[in-house]
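Heads up: the sequence lines are chains A and B, in that order.
According to the working numbering, the stretch in the first sequence is residues 4 to 451, in order.
According to the working numbering, the stretch in the second sequence is residues 8 to 389, in order.
Any given hint could turn out to be false.
Unchecked claim - Stretch by stretch, here's where chain B covers chain A in the computed footprint (C-beta under 8 Å, at least three residues):
hint, stretch
1, 81-89
2, 245-251
3, 300-313
4, 422-436
To be verified - Not everything, but these chain A residues come out facing chain B in the computed CB check (under 10 Å):
hint, residue
5, V287
6, L294
7, Y416
Honestly, the hints are just simulated from the structure, not real lab data.
We treat Cβ as the ideally placed atom computed from N, Cα and C, and that holds for glycine.
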Amino acid sequence: MKLRNTLREFTRYPTALAGVVIILLLIGVSIYTMIALPYKEAVLLWRGGVGVWDENPKLVPPAWINYFNKIRVPETIVLNSADGTATKTVISSSGDIGETDILFTFDYPYEGFPQDVLIYFTATYAIKQPHAALTWITPDGREILAGSFSVAPTQTFYASQDERLQRKLNTDLPQEGLFLDPNAPVDAPVAVEGTYKLLVQVFTFESDASVDAKMVIVGKVYGLAGTDHQRRDLMIALLWGTPLALAFGLLAALGTTFTTMVISALGAWFGGWVDGIIQRITEVNMVLPFLSILIMVGTFYSRSLWLMLGVTILLSIFGGTIKTYRAIFLQVKESPYIEAARAYGASNGRIIVQYLVPRIVPLLIPALVTLIPTYVFLEASLAVLGLGDPVMPTWGKIINDAQQNGALYQGLYYWILEPAILLMITGLAFSMVGFAMDRIFNPRLRSL
Amino acid sequence: MSAEPIIIPPVAEPVPQKKKKTSNSTLSRVLKYSGVRLVILFFTVVVGIYLTVLIANMGGYVDTIRRAEIRENVNAGHRGDRSFQLLPQAERDRIQAEEISILEEELGLNKPFMVRSFGYVINALSLNLGYAERMNSDSGSRQVRLIILERLPATLVLFATADLILFFSAIFIALFLSRRYGSILDKVIIGLAPVSTAPGWFFGIFLILIFAALLGILPFGGMVDAPPPSNAFLYALSLAKHLILPVLSMSVAHVALNAYNWRTFFLIYSSEDYVEMAKAKGLSSRDVERRYILRPTLPTILTSFSLLIIGLWTGAPIFETVFNWPGLGRATFQAIGLYDTPVIVGTTIIFAYLLAITVFLLEFAYALVDPRVKVGGEGSKA
Chain A
4 MKLRNTLREF TRYPTALAGV VIILLLIGVS IYTMIALPYK EAVLLWRGGV GVWDENPKLV
64 PPAWINYFNK IRVPETIVLN SADGTATKTV ISSSGDIGET DILFTFDYPY EGFPQDVLIY
124 FTATYAIKQP HAALTWITPD GREILAGSFS VAPTQTFYAS QDERLQRKLN TDLPQEGLFL
184 DPNAPVDAPV AVEGTYKLLV QVFTFESDAS VDAKMVIVGK VYGLAGTDHQ RRDLMIALLW
244 GTPLALAFGL LAALGTTFTT MVISALGAWF GGWVDGIIQR ITEVNMVLPF LSILIMVGTF
304 YSRSLWLMLG VTILLSIFGG TIKTYRAIFL QVKESPYIEA ARAYGASNGR IIVQYLVPRI
364 VPLLIPALVT LIPTYVFLEA SLAVLGLGDP VMPTWGKIIN DAQQNGALYQ GLYYWILEPA
424 ILLMITGLAF SMVGFAMDRI FNPRLRSL
Chain B
8 MSAEPIIIPP VAEPVPQKKK KTSNSTLSRV LKYSGVRLVI LFFTVVVGIY LTVLIANMGG
68 YVDTIRRAEI RENVNAGHRG DRSFQLLPQA ERDRIQAEEI SILEEELGLN KPFMVRSFGY
128 VINALSLNLG YAERMNSDSG SRQVRLIILE RLPATLVLFA TADLILFFSA IFIALFLSRR
188 YGSILDKVII GLAPVSTAPG WFFGIFLILI FAALLGILPF GGMVDAPPPS NAFLYALSLA
248 KHLILPVLSM SVAHVALNAY NWRTFFLIYS SEDYVEMAKA KGLSSRDVER RYILRPTLPT
308 ILTSFSLLII GLWTGAPIFE TVFNWPGLGR ATFQAIGLYD TPVIVGTTII FAYLLAITVF
368 LLEFAYALVD PRVKVGGEGS KA
């Protein structure tokens, strides 16, 4: 009955309801993330390395940015003759000499240019290298001989770095020259839209030689979140940042609040030297520079998120709240029902746990909820200082990477805004709920 | 940075006493109170710094670095020495071990840590912070003390400005709101209070994005233009321009919550009987506000403000890093990047000092405004 009243009162605060909805969404995202992308896999992906993110564009915004831009830019297009997304015809001719034609056909409905055009070759042969000739066919029917070279067992053709192509197209950016509309004004170049074809003719000189090719048009937008300087998909860190932020915030807030409460109850109940020591520790703790000590621990010992969590809790126990709680406990201590409990011979432990502590719960729960975002932001702060956990993909680490690579100077706003907005939403959700709870649980204090 | 929970408004108990016109004894009481607090605070700082030293050297980590450094130096010293290279292996080892033990003794590394830790504390207290491993002061010195002293003014300018602006704007807004209790503006500030859970640097990023990156009217960071103007007036102007964004972001982060809390304090006190009485006497609302509402509330407000300032100080490393402010906090950040142990320990100790000084100044102010200190005792004389 009481619970229902509380709930009903809660509905009178639209901001608190919005907060609850956001928190539920965040929890949903966390559960989805943990199931869809196991932690170990996420860590490996985030660490990257050779071959993990090579096909991704570098430093590009999310794909939905196309809805807002005048000039649409391409997403990455991958076609592979090995998995049938490109047509491969083997024309066997006399003796050892053979020809393999690989035809890549793709639609290109964008005015913007791609970041690069890559062709990966994998060839099997004994001694004589096959020879490849690339013919680029634009939608308006122009044919450009884009390259002609021998193929090693694994070889990659980078249009952007091909000097011959550069000279042929007479441009610094050959990957754009391949798409450029020759009738477009010089100061506003646009790409020709339509169906492009790339014909790769490979001549082999041994009877059992074979060749496969994969073409990657590296786009200028990527996925839902974009990519960073290491071509990583930011979505991984944005997704995994959610459960990590929630876990860190919740554990730190729970650990701090409950220990603080128990310690201040002990101090208020026993008084004397116990109280004195607690008071002195609180004063010493006040002059200890919290963040600097966390920095020392991070630099000298370990940057593990869970160690940081432990130190954070230790340093926050004797914070300013201990005085507030103590004052309230001192008041409660004098109330008649405590005297009654003493009179019937209740033990100290029983009085503290059963009679003192419950009195502070209405104050405690809102404070706890309001504390969660403080610690979520603390984790981000540590990461921005370069003291984030070395392996975990978190929101703070995205901001750190972005800061270090001058995202704001370079105009790569999405890089900082995505994690920042998520942090903001999380912080606001918890604090709006906390403020509303405070008003509901403590109407006497907050009626003003 | 530090936990900033909802501050529970005080139960209105301290009724302002009619001050006795005994200014001499009032002064001595304030001085005595401050003196006692100063002594207690000094011991607090000593304990705080001792803890810092313990954490910095937990598990003998710093000692290991020192020992490795000595070994490396001794080895390097002999590297170019032909005659030394020609000695037999055993002889070379003996000479090196001897030199290492002499150097270790010089640094006191052979004594047990508990003995040395007191030496460290005395060094720290006398600001004898040792030599940096990689960082230099602008004058080229390796002394940690010089590195820190050079950066201290920048930090003090930034935080003093921000603290003053925060204090006065929050008080002004709080008084204004307490007069217009329940108005739309009041509701707006209450609605904005949850925003304060985000730290200042976080808003800094947004403000830099808007004012520096998009609009281009304010600098991205730093303290003055490069090269710094030689004219003092232009220098001050340039400094002021660079101060706008950092101060603004601290204000955005903290004004709403504090104005909201303080307004609640004002409202609690303005419902007291003596305020009604003063109003009934026909005093102007300005007088009532100043003498009967603001004065008894000030001690509570100062306590809340001191918690805020301490929170701001502890956040300095990240705040200055985001704004590229050439102060102490950024020195900490640079020292982390360079793994410069003495500078990290040194800045931590200086921050402990700054916190203690802040606490003392606020307690002195508290003694000045709290009638209980002025009249002595818990307001028993009246």
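Status of the hints after comparison with the structure:
1. 81-89: Answer violated; 0 residues pass the 8 Å Cβ test.
2. 245-251: violated (count 0)
3. 300-313: holds (count 5)
4. 422-436: holds (count 8)
5. V287: 5 Å, holds
6. L294: 5 Å, holds
7. Y416: This hint holds: Y416(A) lies near chain B, its Cβ roughly 6 Å from the closest one there, short of 10 Å.
Violated hints for the displayed structure, listed by number in ascending order: 1 and 2.
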